[in-house]
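Chains X and C, in that order, are what the protein sequence lines are.
Quick note: to get the working numbering, add 3 to the position in the first sequence (first position is 1).
Quick note: to get the working numbering, add 709 to the position in the second sequence (first position is 1).
Keep in mind that the hints were calculated from the coordinates and are not lab data.
Any given hint could turn out to be false.
[To be verified] Within a straight-line C-alpha distance of at most 35 Å, the following computed DSBU-like cross-link-like pairs (lysine-lysine) qualify:
{"hint": "1", "chain 1": "C", "residue 1": "LYS814", "chain 2": "X", "residue 2": "LYS161"}
{"hint": "2", "chain 1": "C", "residue 1": "LYS795", "chain 2": "X", "residue 2": "LYS149"}
{"hint": "3", "chain 1": "C", "residue 1": "LYS776", "chain 2": "X", "residue 2": "LYS75"}
{"hint": "4", "chain 1": "X", "residue 1": "LYS114", "chain 2": "C", "residue 2": "LYS822"}
{"hint": "5", "chain 1": "C", "residue 1": "LYS899", "chain 2": "X", "residue 2": "LYS75"}
{"hint": "6", "chain 1": "C", "residue 1": "LYS795", "chain 2": "X", "residue 2": "LYS25"}
{"hint": "7", "chain 1": "X", "residue 1": "LYS75", "chain 2": "C", "residue 2": "LYS1039"}
{"hint": "8", "chain 1": "C", "residue 1": "LYS822", "chain 2": "X", "residue 2": "LYS149"}
{"hint": "9", "chain 1": "C", "residue 1": "LYS795", "chain 2": "X", "residue 2": "LYS50"}
{"hint": "10", "chain 1": "C", "residue 1": "LYS814", "chain 2": "X", "residue 2": "LYS127"}
{"hint": "11", "chain 1": "C", "residue 1": "LYS822", "chain 2": "X", "residue 2": "LYS161"}
{"hint": "12", "chain 1": "X", "residue 1": "LYS13", "chain 2": "C", "residue 2": "LYS795"}
{"hint": "13", "chain 1": "C", "residue 1": "LYS859", "chain 2": "C", "residue 2": "LYS1001"}
{"hint": "14", "chain 1": "X", "residue 1": "LYS149", "chain 2": "C", "residue 2": "LYS899"}
{"hint": "15", "chain 1": "X", "residue 1": "LYS76", "chain 2": "C", "residue 2": "LYS786"}
{"hint": "16", "chain 1": "C", "residue 1": "LYS814", "chain 2": "X", "residue 2": "LYS75"}
{"hint": "17", "chain 1": "C", "residue 1": "LYS795", "chain 2": "X", "residue 2": "LYS161"}
{"hint": "18", "chain 1": "X", "residue 1": "LYS75", "chain 2": "C", "residue 2": "LYS822"}
{"hint": "19", "chain 1": "X", "residue 1": "LYS75", "chain 2": "C", "residue 2": "LYS754"}
{"hint": "20", "chain 1": "C", "residue 1": "LYS883", "chain 2": "X", "residue 2": "LYS127"}
{"hint": "21", "chain 1": "C", "residue 1": "LYS883", "chain 2": "X", "residue 2": "LYS75"}
{"hint": "22", "chain 1": "C", "residue 1": "LYS1018", "chain 2": "X", "residue 2": "LYS50"}
{"hint": "23", "chain 1": "C", "residue 1": "LYS795", "chain 2": "X", "residue 2": "LYS127"}
{"hint": "24", "chain 1": "X", "residue 1": "LYS103", "chain 2": "X", "residue 2": "LYS13"}
{"hint": "25", "chain 1": "X", "residue 1": "LYS27", "chain 2": "C", "residue 2": "LYS859"}
What follows is the residue order along each chain.
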Amino acid sequence: MGKETKLLEKIELIVPGYHGYKKKELLREDDRIVRGKVADIIALARKDLERAMQRCAMLNCAQLVAIDTMRKKLIALESRIRHAEAGYSGYFDRISVREKEIERLIEYDAKLIETAQAVEAAVKRLNGAMADPNSLGMAVFELDDKVRELEELLDGRKRVIMGD
Amino acid sequence: MVQVIEWTNPGEDEIIWRYPNEVIKWGAQLIVHEYEVAIFMRDGKVYDVFGPGRHTLTTQNLPLLYKLVGGSNSPFKATVIFVSMKQFQGRYGGETQTRELAPVKYYGVYWFKVSDPVLFLTEVVGGQSLYDTQDVTKFIRAYFNEGMMKHLSAYSIVDLFQNLDMVSTQVKVKLMEDFRRLGLELVDVKIEGVNTTDEWRQRLFWIMQTGNAQAVMQMDTAKQVAAELGKSEGAAIGAGMMIMPQLLQQPAQPAQPTQPYAGGGAPPAGYQGAQPAGAAQPNQEICPYCGKPIPPGARFCPYCGHEIKRCPNGHIVPEGAKFCPVCGAKIE
Ligand SMILES: [Zn+2]
Ligand SMILES: [Zn+2]
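All chains, full assembly: derive it from the sequences and hints.
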């Protein structure tokens, strides 16, 4: 009852219905609801970023195009998490899910949620930095970092599920 | 036989589809595929909504309609509309006027999807009585164009040609809000081209070259410039246009010795229609920075060393221009 149990509890709190891949017939379901939750967080972040764009356009701020680029990244990311990755859920039937793989999957899920929340927080900071061009520029960079981190996590998680 | 309500094989560009039979039986099978929503409407009003899945229609999952039809178990009337939640692409194009009333044409692509199917059906489908994809698409395109026209007209022609990235993003933000009102999400907008009349392109060239919009705008036509400089009518547009930068820059750059107007030389390509009296070889170009004749097609000026930017068609273009002011070609 170590790290995994704690992570599991943490995820269950944020993603109701999550079983932590305990039942083979529910593997796909666990995968789906985790992705759904992460996609929802990204969708909220994107909406918040669109509010930032509106304010930026009103203030004629120079970061508008950069913020718009981030918005496009979030749209692509949300769709990748919610839909496209569903393609590999068929692999759950084939892979022999061992303890070790499940542990890694749970770790990835926890990290995924955490990083999605970090994206959301970065957007909030960006919204708050609107009045100061320097900190706004930094906020855009920070958001970009978090988005990249999330993309890398998705790649890693996919590798675990595909059994590489 | 069980009634099956399903949108079979929707086409690439299909946004909505109306189930042709308006008489629905209880117990009917409703099949909603991924990226779809099925909505029950009556008299243009939205009642019950179904997401992806296979649903058996019962009084429980159609509570609003059940109430409306008075609780009987006999077949009832309703319009079932399927809405696609996929992303669509649309092309647009139109004409408007800039802040200074310069006529501009524009065209490009936009991407959108339904974000709030109920609002979309209320505002567009029910509200406008548009029950097939073609009508809906037409409506959305017209709505987009109207917004584009309105928002673009708030900008100056220099902004449009020089800061197009910024302008298009700002316009996009405004259009996003317009689209949200219809339950649509405008994912992206790309302006592929902007263009204006010859006369405005010439003005634009000199506004961008000199940074002095006011002075350029005071001259009605290029011909007038030539006339004011004491040239004859025949001393053509090109000559007049070439003199202008010096004329306009003088107060701003007193240090620079007044450049003699390089003793003739042809206007840059595109203004080749006319030659000043006693001009040099007909195909010679003039450096817009120092006014000296440069070899045709030169990439930099041998006299002042300034880089000469050109459009894909070889016209000399001002620094920072996104489009050639002579032919409208995109620069990059
Ligand atoms: Zn020169
Ligand atoms: Zn050109």
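* **Hints breached by this structure** => 1, 3, 10, 13, 15, 22, 25
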